[in-house]
Amino acid sequence: MMTFCGPKRLEVGFNSFSRIGELVKAIGGNKVLVVMDAFLNSPQIGLGKKVSDILSEAGIPMAIYSGIANEPNSDNITEGLDAAKESECDCIVAIGGGSSIDAAKAVAALAAKPDMIFSEIPKQARLGRLPLIAIPTTSGTGSEATRVSVINNSKTGIKENPGHPELVPDIVILDPQLVMTLPPSLTAFTGMDALTHAMEAFVSNKANSMTDLYAYKAMEMIGQALPKVFANGKNEEERQKMAIASYYAGLAFSNASTNLAHAGGRALGAYFHIPHGLSVALLLPFVMEFGLEVAEERYARVAVALGADPKLSQRELARQAIDIVNSYNDAFGIWDEAKNKFITDLEAYRKAIPEMVSNALAGNGILTNPRIPTEEDVTMVFEKLAAKIKS
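When the letters of the sequence shown are read in order and numbered with our numbering, they come out as residues 712 to 1102.
If you are wondering where the hints come from, they were derived from the structure by calculation, not from laboratory data.
This one's a predicted model, so the numbers in the text were calculated from it and none came from an experiment.
Hints may contain errors.
Stated by the list, open to error - Straight-line Cα separation of at most 25 Å, PhoX-like style, residue types lysine-lysine; simulated pairs: (1) Lys945 x Lys928; (2) Lys719 x Lys917; (3) Lys834 x Lys917; (4) Lys761 x Lys945; (5) Lys1022 x Lys1050; (6) Lys1095 x Lys1050; (7) Lys736 x Lys866; (8) Lys736 x Lys796; (9) Lys939 x Lys928; (10) Lys945 x Lys760; (11) Lys760 x Lys736; (12) Lys1052 x Lys1062; (13) Lys760 x Lys742; (14) Lys824 x Lys796; (15) Lys1050 x Lys1062; (16) Lys866 x Lys719; (17) Lys796 x Lys866; (18) Lys1099 x Lys1062; (19) Lys866 x Lys1050; (20) Lys928 x Lys719; (21) Lys1052 x Lys1099; (22) Lys742 x Lys796; (23) Lys1062 x Lys1095; (24) Lys1052 x Lys1101; (25) Lys824 x Lys834; (26) Lys760 x Lys796; (27) Lys945 x Lys917; (28) Lys761 x Lys736; (29) Lys824 x Lys866.
To be verified - Derived Cβ-Cβ restraints for the label pairs, each shown as a range: (30) Gly868 x Pro1021: 41 to 47 Å; (31) Asp826 x Glu790: 17 to 23 Å; (32) Lys834 x Lys1095: 32 to 38 Å; (33) Pro1065 x Met921: 34 to 40 Å; (34) Asp764 x Asp786: 17 to 23 Å; (35) Ala780 x Glu1066: 22 to 28 Å; (36) Lys760 x Glu1027: 49 to 55 Å.
Heads up, the beta-carbon is just placed ideally off N, CA and C, and yes, glycines get one too.
Turn these sequences into a full structure, and let the hints steer you where they fit.
Given below as structure tokens:
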């Protein structure tokens, strides 16, 4: 049996952002709460004013919650729910990276069911959430296409990521104009996140013909576009290609799941406050090495999608997939970013490994890994990252 969930409507193209008003009306919205990244609402960026002007022209009252400065936590959700109640909104518009979109999903669900606990979302037969429009301003998280919401529990420090088909947004707007000014580092982090989504969905033991279709195409597009937009963020054609590829990768992993790189990446990111895309990029090569012996054919196809010579043997191609990912991490400064900014104390990192391993094993993505890891296996992955950082 195969199940596949995705948004009901997709709008793609430059200036598609300006259609927010008519799209809110299309899903029955009368009062809107906009959930967006704090910096996007700043006077310097002015995206909050822009959406306010568009909705005002459409005759739609709105309020903004922009308390999300980094990755969202449960305190942000409480604040967002207070804003939803105060504004008496009947529709949520999420604008930003995965943080704002994930937070908006949680607010849309919990505003409709105030007594529901966030972690209990998967157990609900129906959520009956508020209508939701997602507008990503990065090309990487894929949250606009997924049925999960990743929120850091402020009390436990653990990232929770419950899933439900009704968390998938109703409408997605992919406007490449919104990502044209994304700096090279964030372009790389989010792009590697999208690549990891697609790759892990492709090798997942829950993969099917539908998820393969989106995952493989996403990898092809990212392999072509990411190096170009990293070098030149003003490349409009490649920016649009990355926006679509990220969406495809989101569809793929939402239905086939991510694996160990994300399970470990969530723990690594939470413990050392590392941006999500960077954390999964750091672990991906070592996770690939761990799964190579059971997923050689799949990783060989990954290499071809990323531009490797298909005439090579299956074993050579599978190894080349790892080499390509390592070359991206080199070219995009992934290793240096981690070493110089986040994992500066290797002794502290090694002391944290047991707790990170425990958190990784407790999260989603372990049982869908092509090779199911043990505690020792996950420890080995974290140790290999330490050795790489030290080198």
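Original post:
Checked against the structure, which of the hints given earlier come out wrong?
Top reply: Numbers 5, 7, 16, 19, 27, 34, in rising order.
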